[in-house]
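Peer 1: Please construct the entire structure, taking both the sequences and the accompanying hints into account.
Protein chains in written order, with this note's numbering: chain A, 1 to 441; chain B, 1 to 441.
Hints in this document: simulated from the structure, not taken from any laboratory.
Be aware that a few hints might be false.
When chains are identical, the list treats them as one kind, so a pair holds in a single copy or across two.
With a Cα cut of at most 30 Å, we get these calculated BS3-like pairs of lysine-lysine [claimed, not checked]:
1. Lys69 - Lys315
2. Lys69 - Lys54
3. Lys384 - Lys314
4. Lys314 - Lys390
5. Lys69 - Lys191
6. Lys384 - Lys249
7. Lys315 - Lys384
8. Lys54 - Lys314
9. Lys69 - Lys112
10. Lys249 - Lys387
11. Lys191 - Lys112
12. Lys217 - Lys249
13. Lys249 - Lys315
Spelled out from the first residue to the last, the chains are:
There are 2 protein chains.
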Amino acid sequence: MPTFNALPGFRDFYPADCAVLNAICARWRDTARRFNFLEWSAPALEPLELFTEKSGEEIVRQLFNFEDKGGRQVTLRPEMTPSLARMVGARANAMRRPVKWFAIGENYRYEKQQRGRLRAFYQYNADLLGDPSPAADAEIIALCAESLRAFGLTAADFRIRLSDRTLWFLFLGSLGVPETAAAAVLGVVDKIERLAPADLLAAAAAALAGTALDPAKILEAVRQFTALGSLEEMRAFFANRSASDDGAKIAARLADWQTLLDALDALGLRDFVTPDLTIVRGLAYYTGFVFEAFERAGDGRALAGGGRYDALVKKLGGPEMPATGFGMGDVTLRNLLEEKGLLPAAAAAADFHAIALAPECRPALLADAARLRAAGAAVEYALKDGKFGKLIQAAEQSGARTILIYGPDELARGEVRLHDTATRAERCVPRASLTPETTAA
Amino acid sequence: MPTFNALPGFRDFYPADCAVLNAICARWRDTARRFNFLEWSAPALEPLELFTEKSGEEIVRQLFNFEDKGGRQVTLRPEMTPSLARMVGARANAMRRPVKWFAIGENYRYEKQQRGRLRAFYQYNADLLGDPSPAADAEIIALCAESLRAFGLTAADFRIRLSDRTLWFLFLGSLGVPETAAAAVLGVVDKIERLAPADLLAAAAAALAGTALDPAKILEAVRQFTALGSLEEMRAFFANRSASDDGAKIAARLADWQTLLDALDALGLRDFVTPDLTIVRGLAYYTGFVFEAFERAGDGRALAGGGRYDALVKKLGGPEMPATGFGMGDVTLRNLLEEKGLLPAAAAAADFHAIALAPECRPALLADAARLRAAGAAVEYALKDGKFGKLIQAAEQSGARTILIYGPDELARGEVRLHDTATRAERCVPRASLTPETTAA
Numbered sequence: 001m002p003t004f005n006a007l008p009g010f011r012d013f014y015p016a017d018c019a020v021l022n023a024i025c026a027r028w029r030d031t032a033r034r035f036n037f038l039e040w041s042a043p044a045l046e047p048l049e050l051f052t053e054k055s056g057e058e059i060v061r062q063l064f065n066f067e068d069k070g071g072r073q074v075t076l077r078p079e080m081t082p083s084l085a086r087m088v089g090a091r092a093n094a095m096r097r098p099v100k101w102f103a104i105g106e107n108y109r110y111e112k113q114q115r116g117r118l119r120a121f122y123q124y125n126a127d128l129l130g131d132p133s134p135a136a137d138a139e140i141i142a143l144c145a146e147s148l149r150a151f152g153l154t155a156a157d158f159r160i161r162l163s164d165r166t167l168w169f170l171f172l173g174s175l176g177v178p179e180t181a182a183a184a185v186l187g188v189v190d191k192i193e194r195l196a197p198a199d200l201l202a203a204a205a206a207a208l209a210g211t212a213l214d215p216a217k218i219l220e221a222v223r224q225f226t227a228l229g230s231l232e233e234m235r236a237f238f239a240n241r242s243a244s245d246d247g248a249k250i251a252a253r254l255a256d257w258q259t260l261l262d263a264l265d266a267l268g269l270r271d272f273v274t275p276d277l278t279i280v281r282g283l284a285y286y287t288g289f290v291f292e293a294f295e296r297a298g299d300g301r302a303l304a305g306g307g308r309y310d311a312l313v314k315k316l317g318g319p320e321m322p323a324t325g326f327g328m329g330d331v332t333l334r335n336l337l338e339e340k341g342l343l344p345a346a347a348a349a350a351d352f353h354a355i356a357l358a359p360e361c362r363p364a365l366l367a368d369a370a371r372l373r374a375a376g377a378a379v380e381y382a383l384k385d386g387k388f389g390k391l392i393q394a395a396e397q398s399g400a401r402t403i404l405i406y407g408p409d410e411l412a413r414g415e416v417r418l419h420d421t422a423t424r425a426e427r428c429v430p431r432a433s434l435t436p437e438t439t440a441a
Numbered sequence: 001m002p003t004f005n006a007l008p009g010f011r012d013f014y015p016a017d018c019a020v021l022n023a024i025c026a027r028w029r030d031t032a033r034r035f036n037f038l039e040w041s042a043p044a045l046e047p048l049e050l051f052t053e054k055s056g057e058e059i060v061r062q063l064f065n066f067e068d069k070g071g072r073q074v075t076l077r078p079e080m081t082p083s084l085a086r087m088v089g090a091r092a093n094a095m096r097r098p099v100k101w102f103a104i105g106e107n108y109r110y111e112k113q114q115r116g117r118l119r120a121f122y123q124y125n126a127d128l129l130g131d132p133s134p135a136a137d138a139e140i141i142a143l144c145a146e147s148l149r150a151f152g153l154t155a156a157d158f159r160i161r162l163s164d165r166t167l168w169f170l171f172l173g174s175l176g177v178p179e180t181a182a183a184a185v186l187g188v189v190d191k192i193e194r195l196a197p198a199d200l201l202a203a204a205a206a207a208l209a210g211t212a213l214d215p216a217k218i219l220e221a222v223r224q225f226t227a228l229g230s231l232e233e234m235r236a237f238f239a240n241r242s243a244s245d246d247g248a249k250i251a252a253r254l255a256d257w258q259t260l261l262d263a264l265d266a267l268g269l270r271d272f273v274t275p276d277l278t279i280v281r282g283l284a285y286y287t288g289f290v291f292e293a294f295e296r297a298g299d300g301r302a303l304a305g306g307g308r309y310d311a312l313v314k315k316l317g318g319p320e321m322p323a324t325g326f327g328m329g330d331v332t333l334r335n336l337l338e339e340k341g342l343l344p345a346a347a348a349a350a351d352f353h354a355i356a357l358a359p360e361c362r363p364a365l366l367a368d369a370a371r372l373r374a375a376g377a378a379v380e381y382a383l384k385d386g387k388f389g390k391l392i393q394a395a396e397q398s399g400a401r402t403i404l405i406y407g408p409d410e411l412a413r414g415e416v417r418l419h420d421t422a423t424r425a426e427r428c429v430p431r432a433s434l435t436p437e438t439t440a441a
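Peer 2: Okay, structure coming up:
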């Protein structure tokens, strides 16, 4: 006889787990609603090219992709942003801007098998499209922070590290790094904590191949830049450097930083956001302010990440459409909430559990169950008649608040007996007076 | 430049559509909660064998199946019942019975392209496992009916046709059809309305090949059987026939019918359920009472279908576990609700839309927006400062109930101006007094 299990890296959600997932999604939805973001959704299966167009052919290694029975190259989505860009692009001209959308969906990545790495995970995405200003960045970062605070997490639990690929490109330009090499250098910066010194130098040399620049010197300048921990330090850093052609651009960009930080301050989020230029976000499609939310204790795991991606909608066939957004997964968040004792409570048991002490009592039980359910109560009942002791024991174990006992004597009087599962208090009431609020107390 | 679309048969959910889908799912969830069913979920990607084990190799034609990068034969699920059977089977011994579970998930079938045929659709499944009695069938059928009534549909809109594969097998046995041929005959019955007379006869002959039975006579008896429209007619039908060895079994089964119909009567659902033996449910795994919900007008489309499948859990590796359940898709239901004007209303616009008349007013706007959001209000705000006329026009078009106007004069007094988008009434209130309930009226 075969025994079946979920595929490796995939999760079964038994009711207790499903209740937690639903509670997490409900909290995300409520926070997005308060920010007036509208929910959207898209197919979990999409044309493969949608993702290779965005991320390059190398992404295919990480995909659950295949050829469908119609000869189409398709894939389970690894993320929802390309679908978003496709959908917004298709109707951009009819949409009031800014477009503020969020989605919750399952994504799929063929990750190497290791502890804690899943191949299917839920992700909450929020995106604001159609506005290029730091005010839009502030709104998205605020939503990200508030979506974590909604679970009771505080500034002691997580921090949003804020960086800026625009400022990075201006900085690299000021070092003489040509535009064509800048993205590759940022790829090296992304690995700066993970590579051994010799490997780092080799990677920098590879990124700078074809230039006359000294990789060691560039790395040294990069380290000074990534050490800047505040807007004041960033201002001082650029003020101390010889003026470059990009001086005005750098000044304007630092003014954008001021606008963004002021807005986050006004939104009450100063304690949650730290400038941190080590964050560059590996993906080449990010174009401006980028950020990641990390837990502050333990392993410092990433809880969410995002940033500005002003070119993607156009790249996928739509019009010019500046955009910023973030994604937040369910797995790390759930682990953190569990550690902090902040997991939303699972759904409650039924309000009523009804039992019939004789077959002739069952029609009354069923009629009242139907009426209470129609009025909004959650009603369970024993499918079998039987001995009182066994029925009442099962009813008490069910966790229901109140047991409804249908016996011949009570029914003869048009009544039902109520039994409180906590206190075992009992009383009889006329059946007609039963409402979802009725208790035995 | 590439233009991307969703795959054929797949749907994009723009916010208005997503709101309808969410409202449908919310109604399903609430109904299941009132019946005390617990939500579960499972991966959308499963081992291919889970489905071929249940339904045979021929199902593969209809699947989005492929080999993953680890060499596993996998498929997008066409339905959730095998995953349910797998999960319940794995933990059956630790579960209190009956197990009452529901799920809402997207399923995938590689259907031939035709109007109204989708390749991805949402389905609501509810299952009751661990109880073989007609009381359990009644509970599942009641949940199916109430899940449709929850949208405002009445007995004028839909009907549940109730049939019974157990009674069918007893009837076919009384005709002399051997057990080995009975399932094939039911396959013919399933097509009785769709096949031309000659094709039907040929199909019956094929199903009865190897027996000495006359296909035409069997078809004639089948037609008499399927014409029975009530339990009374079923009783009379069997009473008029010569007694067979299965007479006692048939009598017991008709008593089960009585129990089931009495329970549905007590649950207030007599008007919604019609005995109809033409329903046999094509899938061989059904074992007892089966049913389908149909719309009464128009094309009479199927809204839901289900029945008892007592052998599946064991077949997929679990213990003996009687089970009954149903599935209800979103597509037909949504079309019907649309035609009847019963589609749940889409989400409302924001409660507040805030505008700042000068840059120095923005911090106050942001602080109040954050405070109102924290208190539960949905708050939108203009990302740009600008001319009053343009800002107020956009704010009114947003559909928000109340516009919050942050001007220098009001702020100097510690106030904000409220503007009612419906009446254009205005008044100023102290900023500190703003709550989610504040209105301009």
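Peer 1: Please flag the earlier hints that this structure goes against, numbers listed from lowest up.
Peer 2: Checked against the structure, no hint fails, so every one of them is satisfied.
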